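J.: Based on the sequences and whatever the hints tell you, model everything.
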Amino acid sequence: MQIKTLKELAEHVNATVFGDGNIKISSASTLDRAGEGDITFLANDKYEKQLRTTKAGAVIVSEKFRTAAENGEIKTALLIAENPYYAFTQIMVLLFGHRKHKNIGVSEKASISATAKLGENCDIHDFVVIADNVKIGSGCTIYPGVYIAEGVTIGNDCIIYPSVTIYDGSIIGERVIINANSTVGEDGFGFATANGSHHKIPQVGIAILEDDVEIGTCCAIERGTLDDTVIGKGSKLGDLIAIGHGTKIGEHCLLVAQVGVAGSARLGNYCVVGGQAGIVGHINIGNGVQIAAQSGVINDVADGKAIFGSPAIEISKARRAYSMIQYLPDIRQSVRKLQKQIDKITSSNNPDSQESNK
Amino acid sequence: MQIKTLKELAEHVNATVFGDGNIKISSASTLDRAGEGDITFLANDKYEKQLRTTKAGAVIVSEKFRTAAENGEIKTALLIAENPYYAFTQIMVLLFGHRKHKNIGVSEKASISATAKLGENCDIHDFVVIADNVKIGSGCTIYPGVYIAEGVTIGNDCIIYPSVTIYDGSIIGERVIINANSTVGEDGFGFATANGSHHKIPQVGIAILEDDVEIGTCCAIERGTLDDTVIGKGSKLGDLIAIGHGTKIGEHCLLVAQVGVAGSARLGNYCVVGGQAGIVGHINIGNGVQIAAQSGVINDVADGKAIFGSPAIEISKARRAYSMIQYLPDIRQSVRKLQKQIDKITSSNNPDSQESNK
Amino acid sequence: MQIKTLKELAEHVNATVFGDGNIKISSASTLDRAGEGDITFLANDKYEKQLRTTKAGAVIVSEKFRTAAENGEIKTALLIAENPYYAFTQIMVLLFGHRKHKNIGVSEKASISATAKLGENCDIHDFVVIADNVKIGSGCTIYPGVYIAEGVTIGNDCIIYPSVTIYDGSIIGERVIINANSTVGEDGFGFATANGSHHKIPQVGIAILEDDVEIGTCCAIERGTLDDTVIGKGSKLGDLIAIGHGTKIGEHCLLVAQVGVAGSARLGNYCVVGGQAGIVGHINIGNGVQIAAQSGVINDVADGKAIFGSPAIEISKARRAYSMIQYLPDIRQSVRKLQKQIDKITSSNNPDSQESNK
Numbered sequence: 001m002q003i004k005t006l007k008e009l010a011e012h013v014n015a016t017v018f019g020d021g022n023i024k025i026s027s028a029s030t031l032d033r034a035g036e037g038d039i040t041f042l043a044n045d046k047y048e049k050q051l052r053t054t055k056a057g058a059v060i061v062s063e064k065f066r067t068a069a070e071n072g073e074i075k076t077a078l079l080i081a082e083n084p085y086y087a088f089t090q091i092m093v094l095l096f097g098h099r100k101h102k103n104i105g106v107s108e109k110a111s112i113s114a115t116a117k118l119g120e121n122c123d124i125h126d127f128v129v130i131a132d133n134v135k136i137g138s139g140c141t142i143y144p145g146v147y148i149a150e151g152v153t154i155g156n157d158c159i160i161y162p163s164v165t166i167y168d169g170s171i172i173g174e175r176v177i178i179n180a181n182s183t184v185g186e187d188g189f190g191f192a193t194a195n196g197s198h199h200k201i202p203q204v205g206i207a208i209l210e211d212d213v214e215i216g217t218c219c220a221i222e223r224g225t226l227d228d229t230v231i232g233k234g235s236k237l238g239d240l241i242a243i244g245h246g247t248k249i250g251e252h253c254l255l256v257a258q259v260g261v262a263g264s265a266r267l268g269n270y271c272v273v274g275g276q277a278g279i280v281g282h283i284n285i286g287n288g289v290q291i292a293a294q295s296g297v298i299n300d301v302a303d304g305k306a307i308f309g310s311p312a313i314e315i316s317k318a319r320r321a322y323s324m325i326q327y328l329p330d331i332r333q334s335v336r337k338l339q340k341q342i343d344k345i346t347s348s349n350n351p352d353s354q355e356s357n358k
Numbered sequence: 001m002q003i004k005t006l007k008e009l010a011e012h013v014n015a016t017v018f019g020d021g022n023i024k025i026s027s028a029s030t031l032d033r034a035g036e037g038d039i040t041f042l043a044n045d046k047y048e049k050q051l052r053t054t055k056a057g058a059v060i061v062s063e064k065f066r067t068a069a070e071n072g073e074i075k076t077a078l079l080i081a082e083n084p085y086y087a088f089t090q091i092m093v094l095l096f097g098h099r100k101h102k103n104i105g106v107s108e109k110a111s112i113s114a115t116a117k118l119g120e121n122c123d124i125h126d127f128v129v130i131a132d133n134v135k136i137g138s139g140c141t142i143y144p145g146v147y148i149a150e151g152v153t154i155g156n157d158c159i160i161y162p163s164v165t166i167y168d169g170s171i172i173g174e175r176v177i178i179n180a181n182s183t184v185g186e187d188g189f190g191f192a193t194a195n196g197s198h199h200k201i202p203q204v205g206i207a208i209l210e211d212d213v214e215i216g217t218c219c220a221i222e223r224g225t226l227d228d229t230v231i232g233k234g235s236k237l238g239d240l241i242a243i244g245h246g247t248k249i250g251e252h253c254l255l256v257a258q259v260g261v262a263g264s265a266r267l268g269n270y271c272v273v274g275g276q277a278g279i280v281g282h283i284n285i286g287n288g289v290q291i292a293a294q295s296g297v298i299n300d301v302a303d304g305k306a307i308f309g310s311p312a313i314e315i316s317k318a319r320r321a322y323s324m325i326q327y328l329p330d331i332r333q334s335v336r337k338l339q340k341q342i343d344k345i346t347s348s349n350n351p352d353s354q355e356s357n358k
Numbered sequence: 001m002q003i004k005t006l007k008e009l010a011e012h013v014n015a016t017v018f019g020d021g022n023i024k025i026s027s028a029s030t031l032d033r034a035g036e037g038d039i040t041f042l043a044n045d046k047y048e049k050q051l052r053t054t055k056a057g058a059v060i061v062s063e064k065f066r067t068a069a070e071n072g073e074i075k076t077a078l079l080i081a082e083n084p085y086y087a088f089t090q091i092m093v094l095l096f097g098h099r100k101h102k103n104i105g106v107s108e109k110a111s112i113s114a115t116a117k118l119g120e121n122c123d124i125h126d127f128v129v130i131a132d133n134v135k136i137g138s139g140c141t142i143y144p145g146v147y148i149a150e151g152v153t154i155g156n157d158c159i160i161y162p163s164v165t166i167y168d169g170s171i172i173g174e175r176v177i178i179n180a181n182s183t184v185g186e187d188g189f190g191f192a193t194a195n196g197s198h199h200k201i202p203q204v205g206i207a208i209l210e211d212d213v214e215i216g217t218c219c220a221i222e223r224g225t226l227d228d229t230v231i232g233k234g235s236k237l238g239d240l241i242a243i244g245h246g247t248k249i250g251e252h253c254l255l256v257a258q259v260g261v262a263g264s265a266r267l268g269n270y271c272v273v274g275g276q277a278g279i280v281g282h283i284n285i286g287n288g289v290q291i292a293a294q295s296g297v298i299n300d301v302a303d304g305k306a307i308f309g310s311p312a313i314e315i316s317k318a319r320r321a322y323s324m325i326q327y328l329p330d331i332r333q334s335v336r337k338l339q340k341q342i343d344k345i346t347s348s349n350n351p352d353s354q355e356s357n358k
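Chains as they are written, first to last, in the working numbering: chain C, 1 to 358; chain R, 1 to 358; chain H, 1 to 358.
To be clear, the hints were calculated from the coordinates, so they are not data collected in a lab. Be aware that one or more of the hints could be misleading.
Treat identical chains as interchangeable: a pair holds within one or across any two.
What the hints assert, rightly or not - Straight-line alpha carbon distances no greater than 16 Å define the calculated EDC-like cross-link-like pairs of lysine to aspartate or glutamate that follow: (1) 102 to 132; (2) 317 to 210; (3) 233 to 73; (4) 200 to 211; (5) 46 to 32; (6) 102 to 168; (7) 75 to 32.
Fair warning: this is a prediction, and the values are worked out from it, not measured in the lab.
T.: In C-alpha cells, the structure reads:
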C-alpha cells in the first residue's frame, strides 16, 4: 500500500483539489465507512446525501459539486474530476495495484506436453495439464487444475484461474483473464433430430477470445458449429454467462452475470447487457445497445437503442408499460363496468329495450 | 442404516404415535413409493390424497390429520408432529446420517504451502493446492482439485467439495459446506469506462461466508470492491447462484438455484428467494422477505413482504395481475369496441352528426 | 478431413443431386462464408435469400426448393434431402468425424482406488481421482481433474471432460458425455426450518443419467432426497442448467442453456425447453411439450402443448398477449377517457345533474 497526498493524487488523475491538498491518503473506502486517510468517490446520485456526512479524508466528485463546495456546504476535501469513477479507479490502482501473482515458474507437478510451447516468464502451477501443440505466450499465469486442450493458442500476459478448461483449438488473445471454473470452446448445442433421436453435429468452429477480454467464473463459451464464436477485444463478461455457438460479441461490451446469448447472434461494439438478460439466436444487435436486466431480446436492435422487457422494447416505453401490469385487474374491471354502463345507455336509448325494462 | 420402532422414532422427534408403535422402520421413501418398513411424510397438501393409498409403514403428519385418523379414514400408522418436515429430517438423520467422509488424512499428492496452517483431523485429498498463509481449522475435509489461495481463513469442520476455488483473503466460518465447482472471492465485476475501454478496478474487499453457510455447485460469490461481500450465518444457497460485489446476504436466508443478486444489495435475515429471481444492486431488502421465482426486484422491500413479478410487486396482487396478461388482447379489443359504441352514442346525441347519419 | 464428390455424399445421406454430382467437397461452411469445395445447408428460412448468392460448392435443401432449381433460379448445385439438417449432420460426421481423444491409457498421475474397477481401453488422464468401489465400463475417456466419488457406476464409451465432479452413488449410462465443470449428484436443496435455523436433510436418492445423455458445461444435477433424479435416455442439456432433486427428465428431451427445473418435477419424452426457462417443482409436463425461452411454468402441461410466458400459457396466445404489454399505458389512458365520456353522457341523460351543470 502507498501513502500519497491529495495533491499527488490529483496530479496522477488530472483532477482539481478543493480543500487541503496536503491531506495524506493511504486507503480507500465507501462514503459511509471511510475515515481519515481514506479516499472515496461519488458516482451514483443515490449516495449524494452521504457527501455531507462522510468522515472520509477526501471524496472524488464531478464538476457539478464545485458550487456546493464553494458555498461551504461540503466540509470534506474534494478531488473534482471529469470522470470520478475512472479517477477513483486510477487511484485504486496506484494505492493497491492489481492482484500480485507469485513467481513460481513452471511447476514440476504440472503435466506439459513435449510439443507445447511456453513463452518466457510464465507461471504454471501444480496440476495444470497442457496438451499437445499448445502455444502459450510470455508472462502468463496458469493456476492449478487448468486444462488446456490440444492446439490451443494463448497470447502474452494472460491469467487463467483455477479449474478453467479450454477446449481444443481455441484462440486466446493477449492480457486475457479467465476466472475460475469457466469453460471456453466446449461443443455448441447442436443436434439434428431424426429417427427419434438427437444426432450430435461435429462442431468444427472454434472459440476466440480477443485481447483484453475478461471472463467471470462459471462461464460457458461454446465453440461454433461452422463459424467461430468470438468475444471481441476489451469485452468483459461477468459470472455464469452462456454464449452460444457461432455468436459474435463485439468489442468493449459489458455483459453482467447470468446473461445468455444464443447461437449465431451478433452484438456490436460497446453494448451493455444487464444481468439475466437473454438474447435469442440469429439476430443482430447494433453498436452501443443497452439491454436492461432480465430482458428477452427476440428481434434485431438498431445502434444506440436502450431496451427492456421480455419481449424487449424501447426502455422508457417498457419501464412505463411493465410497471402497469399491476393495474391489469383494475383495467379489466373498469372495462367490464364501462361495458355495462354503455349497454344500459344503449338500451335506454332503444325504445324496444326500454319497453322490456318496464 | 438403523432399524427403529415407530415409538422410538416418536420419542426421538417429540411426536405422538397414532397406530401401532411397535412397527419397525428401517428406511424412508415418498408417499407413492413407500412400502412396509418405510416411513414417509406429508408436508405438501398437494399429496394429501396419497395419505389414503400409501403402502408406507408410517407417515409423519401434522395435528390436523388427527381427526381423520380417529375416524378411521387413514389406515396407516401416523406420527403426529408439530413440524412434520422437521420431524422427518430428524428421522432421516437418525436412520441414514449425513454423508460420511473417508478418513484419509493429508494426502502426499496435495500441494500445501509451508506457511499454511492446518488444524487437527483434516482430510486433504489428492491434487488440492493450499497457498501461502492459509489457515484451516480442525476437522475439515477438502476434496480433490480444490484451490485455496493466499491468506484464506477456513474455520473448523468445513467440507469443500472438488474443484472449488477460494480466492485470496476470503474468510470461511465454521461448518461451512461448499459444493463442487463453486468459486468464492473472485473479483467483482467492476470497470470504469474511459477513453474507449473498460479499466479494471482493484477489488480490495473480500468474500466472507459465515458459520453454517452452505453453497451449491457452480456458484459465484464475488469479493467486494471496497466493502466485503458477506453471506450471513446459516444461509443456504442452491446451485448456479451469482452474488455481486459488496452484497450482504443476511442470516438464515434461503436462495434457490440460479438466483442473481447484483452488487451492494443488502438482504435481511430469513429471506427466501425463489429460483432465477434477480435483485438489482444498491437496494435494501428487509428481514423475512419472500421473493417468488423469476422475480425482478428493483426497489427496496420492507420487512416481511412477499413479492413476485418483474418488476416485483406484492405477491397476491402480482399473481392476479400477471395471470391477466393473457387477457390483454381481449381487453384491448373491448376498449376499441367501447370507443366505437361511445362514438356512436355521442354522435347520435349530436344533432349535426345525426344529420350526417341520415 | 475427407474429400468426397457430391454424388458420394448424396448416396451417403440418401439425397438427390441437382446439378453436377462430380463436384468435390472437402469442407463445410455457412451460406454466407462457404466457397468452392464447401458444402452448406439451408434449414432456417431466415437465410433463404442467401441461397441465391452463396458461393458454396453445394447446398443441402429440402424438396420445396426443387422447382426454383428446375427454373434455373438457383445456380449452386443442390443436395435435396428430406431432412436437410440431418443430412448436413451426417455429412459433417463423414467429413470431419467427432472429436478424437488421444489414446493415453491410464495415467500414472491419476489416483485410482484399489477397489475401483475399470473396463478395457479406458483413457484416464492425469490428476483424475476415482474413489472406492467405482465401476467404469470400457472405452471411457476421463479428462484431467475429474473426481468420481465412491460407488459411482459409469457405462461404456462415456466421455467426461475436465473438472467434472460426480458425487457418490450416481449411475451414468453408456455413451454419456459430460462437459467440463459440471456436477452430477450433489445434495438436493433440502432443508427443514425449525428453531430459527435450516436443518440439512440427508439426500439418500441418487442421480441417474441414462444412455446417450449429453450434459453441457457448468450444469448442476442434484441427487434426490428420497426419489432419484433421472435424465432420460438420449436427452441433451446445454450449459449452466440446474436440475432439482428427484426431478425426472424424460427421454430425448432438449434443454437449452440456463434452464432451471425445480425438484420433483416430471417432464415427458421429447420435450424442448428454451433458454433461461424455469419450471417449478412438483408439476407434470407431458410428452412432446415445447416451452419457449424465459418461460415460467407453474402448472401441469398436457402432451404436445407449446407454451410461453411467465406464467406460461399456450404459445400463440402468449406471443400476442405478451407483445401487447407495450400498449398498457395507451389502454389505461383509453379506459380513463372512456370513463369520462360515459360519465358525461350519463350526467347529460340525468335531468338532476344537468341542472347542476347549468
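J.: Tell me the hint numbers this structure goes against, listed in increasing order.
T.: Violated hints (numbers, rising): 2, 3; every other hint is consistent with the structure.
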